[in-house]
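Top to bottom, those sequences are chains R and B.
By numbering that gives the first Met the number 0, the letter at position 103 of the first sequence is numbered 102, and the numbering carries on one by one without gaps.
By numbering that gives the first Met the number 0, the letter at position 352 of the second sequence is numbered 351, and the numbering carries on one by one without gaps.
A couple of the hints might just be wrong.
Listed below are the simulated SDA-like cross-link pairs for lysine to any residue, each with C-alpha atoms no more than 20 Å apart in a straight line [stated by the list, open to error]:
id, chain 1, residue 1, chain 2, residue 2
1, B, K300, B, A310
2, B, K251, B, D313
3, B, K410, R, G30
4, B, K251, B, E328
5, B, K251, R, P207
6, B, K289, R, D226
7, B, K239, B, S219
8, B, K407, R, D18
9, B, K289, R, T45
10, B, K251, R, S227
11, B, K251, B, N278
12, B, K235, B, T214
13, B, K251, R, Y242
14, R, K139, R, D165
15, B, K289, R, P207
16, B, K407, R, G16
17, B, K251, R, P175
18, B, K251, B, V312
19, B, K289, R, S248
20, B, K410, B, T385
21, B, K289, R, G16
22, B, K289, R, S227
23, B, K239, B, A265
24, B, K289, R, G228
25, B, K289, R, K139
26, B, K289, R, A27
27, B, K235, B, D339
Part of the chain R face toward chain B, derived, beta carbon under 7 Å [to be verified]:
id, residue
28, A19
29, V38
30, G40
31, P247
32, S248
Negatives, chain R to chain B, calculated, CB over 12 Å [unchecked claim]:
id, residue
33, G37
34, S150
35, V154
36, V163
37, G174
Derived by calculation from the structure, the hints in this document are not laboratory data.
Remember, predicted model here, so these are calculated numbers, not experimental data.
All C-beta atoms in this analysis are idealised placements derived from N, C-alpha and C, irrespective of residue type, glycine included.
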Amino acid sequence: MRTLLLFTTALVAAAGGIDAPRIGYARAADGSVLQVSGVSGAFITTPTGLTDVVAAAFSGSLGLLKTNETTRVIDRTGAILSEIEAPSGPAMFGFDPTGRVGAAWYPSTGALAIYRDGEWSPAPFDPGASGVLAITLKDKDRAMVVLQSDSLSLVRIRLSDGAVEDVTALGASTGPVLALSDGSLIFQRDGAAILRDVQGVEQTLDLPAGVVELTPMGGAWVQARTDSGATLAVRLGSQPRVYILPAPSPVADVEPSGAREVRR
Amino acid sequence: MMLRLMLIAAALPLAASAQLQLFLFDGTAEKAVSTVVDYGNVAIGDSSELRFRARNNTNASIALQTVSLGGQGFSISSAPTLPYIVAPSNYAEVRVRFSATMVATYSATLAVNEAQTLLRATAIAAAAISTPAAGVLTAGGTVDFGRVLSGQSASQTLTLSNPSTASPITIQSCSISGSAFTAQGLQCPMNIAAGASARVTVTFNPTAAGVLGGTIAFDSRTFLLSGVAYDPPLPKPAVKFSAPLTSGTQQKLVISLETVSQTSGAGTVTMTFQPASSNMTDDPAIQFVKTGSRRLSFTVKNGDSSATFPAGVDTTFQTGTTAGTITFEVVLGSADLKFDFPIAGAAIAVDSATAVRRTGALDVSITGFDNTGTAGRFSFTFYDSTGATVQPGAISADWTTVFTSYFKQSKSGGSFTMRASFPVSGDASTITAVDIQMSNSTGPTQVSRLSF
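Excised from the complex, chain R in its bound form (with noise of 0.2 Å):
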């Protein structure tokens, strides 16, 4: 069959047009929730009022903020879709590479739990003696869990049942780790930063030493938290880049919404 390729200038309005570029969120050192917008090099942090948060990441369709009590869910527009009770302390978010699917590790309970299609699932999962650093979704049937004994492994669980199906050794490695829908990992060796894709080809990011906290932003974005209080955006991809986030701008000029009632 011949295609056709129809055309009129309207389009670029019609769906959607021109919009500021939105990068995704922060979590601020103090707890507060940042929107980050613009280009590389050319950011802006924009408070959004959401505040107490221990723990976040965000995928670019979702954002999980886990405060002392509560796991929040919202939109791309910081709205609040979803707020329940969760176990206290912080939280390790992950999401599916659709970035609509996200799952919850609660450390302090040793409970996995699967967000889709709005409603929060629990999901078998005992990592044994072994600490959870990492989680992340793999499809819509399974996650891989960055695991820390002797060393790290990355293991890939079945989520019907908790069920181990593969697991890859990484070697030893000190500090955060983060694993990413698309399969891919950073983690700390010998003091470097390393990104290693879903092949396994790793590739040093250049990171100051001192991470502490690895989280996505959304998109190919991740901010990296310093023990100096440098938060740090990296642009992942064929060529990593490291931006230093600014400060949030004074004036607010987003409102968080949608906030509903606690379910518990």
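Based on these hints, arrange chain B on the given structure of chain R.
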């Protein structure tokens, strides 16, 4: 006004036989004079002045008719114009100075109306004290050291000369006061032979800025020491960057100092931005990353050759995504300097681009920035799996109006995300890639081939 006051006073009843009473006033308090007022020893060449007050302690005005002084060495240095009406409870002041050129004892009678007192003074031989700058000083005179950098010093030599060709002079006691002043050669008793001289070097060595004073005394003669200490000026600042300024970059700013600083201080650097085009608004991405604002403080310490920011000797700022002029205003000490740095217009920069195939449509998204605000002309060329161009070939579009409208109200400078959707009739899966060319006033930008 004075005439009016005098007329009013004259209209008051005058006491027929009332007396004015004489008092000595030392600048603080009055003391009734006795029959003799002794000026004490006054060095030849010096002078001594006393303030007398003729006070009216009656209920009626008294006319001061006469003020007279009889005797050598004494002179009236200040007195009211006579006749002078002294109102009740008021007074008239008369100042009498003694100064002599020969060693002797002097006396004179001061008469104020009917009140009289005997004045007495002894002129003694003393060293003439001089400095090269001020010449011969009289007691109470000032040795002025002028303005001196704190931490540095200035000296003046006092020459103590014995003017007598026959008799030596002995200074029995001498002292210096004032924490910023020290003296060399100040040892008493100090004998100065006839016609000879001695030298005392006084050094002003301030450690902090301020107006500082002290005294140096030789027997009963005291001289004031005075100097002004000031901090050295902070050196002139200049700004340096890690690279020439272009849009869409994070740069490091260093504030260098013209000379090594000899003092400490604090300053501020403030950025302002003027877009090159009236089509563009201010660009909020132009900011210091440390503060998320356009203002940042820094400090300078003694010995520094550059300013120190909170994170070190440099600080990172963003150049934004709009062509124009970034001005850095640096305020340090008395310096308030502005440095303009133009950011030239450049071709559209692409941050990311995606191509997505949907059922019945092909979506293209481009995120980047146009720092000129003149983007709008696009060209899309689609390819099939064999690499052949899909007809009708390059599709041109002019979205300049849409882009212009966007940039005029942009709160993100020249950055943008553009989404375009191309409806497809037929098998869209045969289209596998697209080339995109876009242009602004400076020229075209080619986006690397995107695959669907």
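To see whether the hints hold, each was checked on the structure:
1. Proposed proximity of K300 of chain B and A310 of chain B is supported: the alpha carbons are some 15 Å apart, at most 20 Å.
2. Between K251 of chain B and D313 of chain B, the direct Cα distance comes to roughly 6 Å. Compliance with the 20 Å bound is thereby established for this hinted pair.
3. Between the alpha carbons of K410 of chain B and G30 of chain R the distance comes to roughly 26 Å, so the proposed pair goes past 20 Å and is violated.
4. Of the supplied pair hints, the one linking K251 of chain B and E328 of chain B holds, its CA atoms being roughly 16 Å apart against a limit of 20 Å.
5. For the hint pairing K251 of chain B with P207 of chain R, the CA-to-CA distance comes to about 16 Å; that is within 20 Å, so the pair holds.
6. Straight-line distance between C-alpha atoms of K289 of chain B and D226 of chain R comes to about 16 Å, which keeps the hinted pair within the 20 Å bound.
7. With a C-alpha separation of about 62 Å, the suggested pairing of K239 of chain B with S219 of chain B is violated against the 20 Å cut-off.
8. For the hint linking K407 of chain B to D18 of chain R, the alpha-carbon distance of about 12 Å falls within 20 Å, and the restraint holds.
9. For the hint pairing K289 of chain B with T45 of chain R, the CA-to-CA distance comes to about 14 Å; that is within 20 Å, so the pair holds.
10. Proximity of K251 of chain B to S227 of chain R is assessed by CA-CA distance (about 18 Å); at most 20 Å being required, the pair is judged to hold.
11. Between K251 of chain B and N278 of chain B the alpha-carbon distance is near 29 Å, which puts this suggested pair outside the 20 Å criterion.
12. With a CA separation close to 38 Å, the supplied pair K235 of chain B and T214 of chain B exceeds the 20 Å bound.
13. Between K251 of chain B and Y242 of chain R, the direct Cα distance comes to roughly 12 Å. Compliance with the 20 Å bound is thereby established for this hinted pair.
14. Restraint check for K139 of chain R and D165 of chain R: the C-alpha separation of about 16 Å stays at or below 20 Å, so the hint holds.
15. Annotation: proposed proximity of K289 of chain B to P207 of chain R holds, straight-line Cα distance about 17 Å (limit 20 Å).
16. Between K407 of chain B and G16 of chain R, the direct Cα distance comes to roughly 15 Å. Compliance with the 20 Å bound is thereby established for this hinted pair.
17. Using a Cα cut-off of 20 Å, the hinted pair K251 of chain B and P175 of chain R is violated, with the two alpha carbons roughly 28 Å apart.
18. Proximity of K251 of chain B to V312 of chain B is assessed by CA-CA distance (about 10 Å); at most 20 Å being required, the pair is judged to hold.
19. A threshold of 20 Å between alpha carbons decides the hint, and for K289 of chain B with S248 of chain R the separation of about 10 Å falls inside it, so the pair holds.
20. Taking the CA atoms of K410 of chain B and T385 of chain B, the gap is near 43 Å; set against the 20 Å cutoff, the hint is violated.
21. As the CA atoms of K289 of chain B and G16 of chain R are separated by approximately 33 Å, the hinted pair breaks the 20 Å bound.
22. Between K289 of chain B and S227 of chain R, the direct Cα distance comes to roughly 13 Å. Compliance with the 20 Å bound is thereby established for this hinted pair.
23. For the hint pairing K239 of chain B with A265 of chain B, the CA-to-CA distance comes to about 18 Å; that is within 20 Å, so the pair holds.
24. At roughly 11 Å between alpha-carbon atoms, K289 of chain B and G228 of chain R fall within 20 Å of each other, so this suggested pair holds.
25. Distance check on the hinted pair: K289 of chain B and K139 of chain R sit about 41 Å apart at the alpha-carbon level, beyond 20 Å; violated.
26. Between K289 of chain B and A27 of chain R, the direct Cα distance comes to roughly 13 Å. Compliance with the 20 Å bound is thereby established for this hinted pair.
27. As the CA atoms of K235 of chain B and D339 of chain B are separated by approximately 16 Å, the hinted pair is consistent with the 20 Å bound.
28. At its closest, the beta carbon of A19 of chain R sits 4 Å from a beta carbon of chain B; the interface hint therefore holds under the 7 Å criterion.
29. Here the hint on V38 of chain R is kept, as its CB sits about 4 Å from the closest CB of chain B, short of 7 Å.
30. Against a cut-off of 7 Å between C-beta atoms, the interface hint on G40 of chain R holds, since the closest Cβ of chain B lies about 5 Å away.
31. Hint status for P247 of chain R: holds, given a least beta-carbon distance of 5 Å to chain B, under 7 Å.
32. Because the beta carbon of S248 of chain R sits about 5 Å from the nearest beta carbon in chain B, less than 7 Å, this interface hint is met.
33. Not every beta carbon of chain B lies more than 12 Å from that of G37 of chain R, the smallest distance being close to 5 Å; the non-interface claim is violated.
34. The Cβ of S150 of chain R lies farther than 12 Å from every Cβ of chain B, with a closest approach of about 35 Å, so its non-interface assignment holds.
35. With 12 Å as the threshold on Cβ separation, the claim that V154 of chain R sits away from chain B holds: the shortest Cβ distance comes to roughly 31 Å.
36. With a least beta-carbon separation of about 35 Å from chain B, V163 of chain R lies farther than 12 Å from that chain, consistent with its non-interface assignment.
37. Residue placement check: G174 of chain R keeps its beta carbon more than 12 Å from all beta carbons of chain B (closest about 22 Å).
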